[in-house]
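Novice: Using the sequences and the accompanying hints, generate a full structural model.
Quick mapping for you: the protein sequence lines, in order, are chains A and B.
Here my numbering is used: the first residue of the first sequence is 1, the next is one more, and so on.
Here my numbering is used: the first residue of the second sequence is 1001, the next is one more, and so on.
Heads up, some of the hints might be wrong.
[To be verified] Quick list of the computed label-pair ranges, beta carbon to beta carbon: (1) A/Ser-204 with B/Leu-1025: 17 to 25 Å; (2) A/Pro-81 with B/Leu-1025: 28 to 36 Å; (3) B/Leu-1025 with A/Ala-139: 31 to 39 Å; (4) B/Leu-1025 with A/Thr-299: 35 to 43 Å; (5) B/Leu-1025 with A/Arg-277: 41 to 49 Å; (6) B/Leu-1025 with A/Arg-138: 46 to 54 Å; (7) A/Phe-58 with B/Leu-1025: 39 to 47 Å; (8) B/Leu-1025 with A/Ala-34: 13 to 21 Å; (9) B/Leu-1025 with A/Leu-275: 21 to 29 Å.
[What the hints assert, rightly or not] Cross-link-like lysine to any residue pairs, in silico, SDA-like; alpha carbons within 25 Å at most: (10) A/Lys-281 with A/Gly-263; (11) A/Lys-41 with B/Pro-1036; (12) A/Lys-143 with A/Ala-265; (13) A/Lys-281 with A/Asn-326; (14) A/Lys-41 with A/Leu-196; (15) B/Lys-1039 with A/Gly-249; (16) A/Lys-271 with B/Lys-1039; (17) A/Lys-300 with B/Asn-1033.
[Unchecked claim] Derived coverage of chain B by chain A (criterion: at least 3 residues anywhere in the stretch with Cβ under 8 Å from a Cβ of chain A; other residues may be distant): (18) 1014 to 1027; (19) 1034 to 1040.
Hints in this document: simulated from the structure, not taken from any laboratory.
Beta carbons: idealized from backbone N, C-alpha and C, even for Gly.
Listed below, chain by chain, are the residues.
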Amino acid sequence: MATSLSPSRPAVLAGPAGLARDFVALIPGLLLLAAVGFAGKFIEQSIGGYTKSHHITFPNIEYVLWAIVIGLAIANTVGIPRVFQAGVATYEFWLKAGIVLLGSRFLLGDVLHLGGISLLLVAIALTLSLSFMHLIGRAFGLKPKLTSLLAVGSAICGVSAIIAAKPAIDADDEDASYAIAAILALGAISLFTFPLIGHSLHLSDKAYGLWAGLAVDNTAEATAAGALYSDAAQKVAVLAKTTRNALIGFIVLAYAIYWASRGQAEAVGNKAAFLWRKFPKFVLGFLLISLLATLAIFTKPQLTSLANLSRWAFLLTFAGVGLRTNLRELGKQGWRPFAVGAIGEIFIALVTLGLVYGADRYLHL
Amino acid sequence: MSEPTAVAPRRGISLDVYAVSLALLLALLVRLNLIPSIKW
Chain A
1 MATSLSPSRP AVLAGPAGLA RDFVALIPGL LLLAAVGFAG KFIEQSIGGY TKSHHITFPN
61 IEYVLWAIVI GLAIANTVGI PRVFQAGVAT YEFWLKAGIV LLGSRFLLGD VLHLGGISLL
121 LVAIALTLSL SFMHLIGRAF GLKPKLTSLL AVGSAICGVS AIIAAKPAID ADDEDASYAI
181 AAILALGAIS LFTFPLIGHS LHLSDKAYGL WAGLAVDNTA EATAAGALYS DAAQKVAVLA
241 KTTRNALIGF IVLAYAIYWA SRGQAEAVGN KAAFLWRKFP KFVLGFLLIS LLATLAIFTK
301 PQLTSLANLS RWAFLLTFAG VGLRTNLREL GKQGWRPFAV GAIGEIFIAL VTLGLVYGAD
361 RYLHL
Chain B
1001 MSEPTAVAPR RGISLDVYAV SLALLLALLV RLNLIPSIKW
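Specialist: Right, dumping it as structure tokens:
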């Protein structure tokens, strides 16, 4: 996760007047996020109520999927008018706030146990994924920096990693925009395929959550992919993804040093400051809330309230996931970069699935 | 978002800090029972 408000929106708000103006500009998009999220929840409840009252056996389709599908339909048919765009872009803000609040559902011991396993698996998966992405990028004749962006995006943290890496390796805007579009489209595809594969392999909630957190690119999509499986799977997916996000600085730093050594990017001065700048600060918020929950600062009803606040924040996030995914954007640069991204994703999904199977068996998730 | 675009890094308070601040404020309000219990 990077520190910008979205791929297309500045994070910095200047002064009280600027703050007020920015806030007003967010309202239409926020209302759209809420409307799409509520529509998803309404459809899930309506179908559930109807099938139950008529004794019809029908699989429960979570509001998550409805919200994303409605968002995708709007974004790829009528499009998102400009007045809504700033508010829609806040989906990443709600995601981060939701993750911090979700920390209340973890005891710090669980975070350290699962986070430690995640860290080990992430390190293995990262090494394999980055090497593989560069190999196929070369095989498909992609520009090296576009390959680097796709590799960072698919191996670490999707869009945010691309945004973090772009200035560090001095990549073109065009390459970065394309890599973002490809990663978003691939993320949308994984939302539909991961739960199906998880169910067909009878993965446990923990194993599936860990897999989704390790393999799905964007934090929003990883959270949604977990939620589509189960509540418990979502918790684990968020934790695994957060661990992955925490490594973003190290990978971007490695790429920055590599490209600087080839004279194609500026040299990195203070490496510790660079790492801190790229470190996703919301991880610290997540750990703090988890610590407070571990210290029994909150009562049980209060923990329920915090968990529900997190759900409401995720509802807005999932609406945004669909609304910001524009599939038409992919047609602009041809099929090869998308093919590289897709092959890389399949490779990463298979590698991480193997790792999760191994961890489930030997490390006792 | 109709057209994703990449942006350069900026100075100032990051989105993460705002998100963490909001989450901690909400946690504090819940802890002090200053907001009613939240339903889903």
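Novice: With reference to the structure, classify each hint as holding or not holding.
Specialist: Outcome of the hint check:
1. A/Ser-204 with B/Leu-1025: 17 to 25 Å: 36 Å, violated
2. A/Pro-81 with B/Leu-1025: 28 to 36 Å: 32 Å Cβ-Cβ, so the 28 to 36 Å window holds.
3. B/Leu-1025 with A/Ala-139: 31 to 39 Å: 50 Å, violated
4. B/Leu-1025 with A/Thr-299: 35 to 43 Å: Violated - the Cβ-Cβ distance for B/Leu-1025 and A/Thr-299, about 19 Å, lies outside 35 to 43 Å.
5. B/Leu-1025 with A/Arg-277: 41 to 49 Å: About 25 Å separates the Cβ atoms of B/Leu-1025 and A/Arg-277, which means 41 to 49 Å is violated.
6. B/Leu-1025 with A/Arg-138: 46 to 54 Å: 49 Å, holds
7. A/Phe-58 with B/Leu-1025: 39 to 47 Å: The hint (39 to 47 Å, Cβ to Cβ) holds, given that A/Phe-58 and B/Leu-1025 are roughly 41 Å apart.
8. B/Leu-1025 with A/Ala-34: 13 to 21 Å: Roughly 20 Å apart at Cβ, these two residues keep to the hinted range, so it holds.
9. B/Leu-1025 with A/Leu-275: 21 to 29 Å: Since the Cβ atoms of B/Leu-1025 and A/Leu-275 sit about 28 Å apart, the hinted range of 21 to 29 Å holds.
10. A/Lys-281 with A/Gly-263: With Cα atoms ~31 Å apart, A/Lys-281 and A/Gly-263 exceed 25 Å; violated.
11. A/Lys-41 with B/Pro-1036: Given that 25 Å is the threshold and the Cα spacing comes to 22 Å, the pair holds.
12. A/Lys-143 with A/Ala-265: 15 Å, holds
13. A/Lys-281 with A/Asn-326: 28 Å, violated
14. A/Lys-41 with A/Leu-196: The given pair, whose Cα atoms are some 21 Å apart, holds under the 25 Å limit.
15. B/Lys-1039 with A/Gly-249: The hint is violated at about 37 Å.
16. A/Lys-271 with B/Lys-1039: Violated: A/Lys-271 and B/Lys-1039 sit about 45 Å apart, past 25 Å.
17. A/Lys-300 with B/Asn-1033: Holds: A/Lys-300 and B/Asn-1033 sit about 13 Å apart, inside 25 Å.
18. 1014 to 1027: holds (count 12)
19. 1034 to 1040: Answer holds; 5 residues pass the 8 Å Cβ test.
Comparing the model with each earlier hint shows violations of hints 1, 3, 4, 5, 10, 13, 15 and 16; every other hint is respected.
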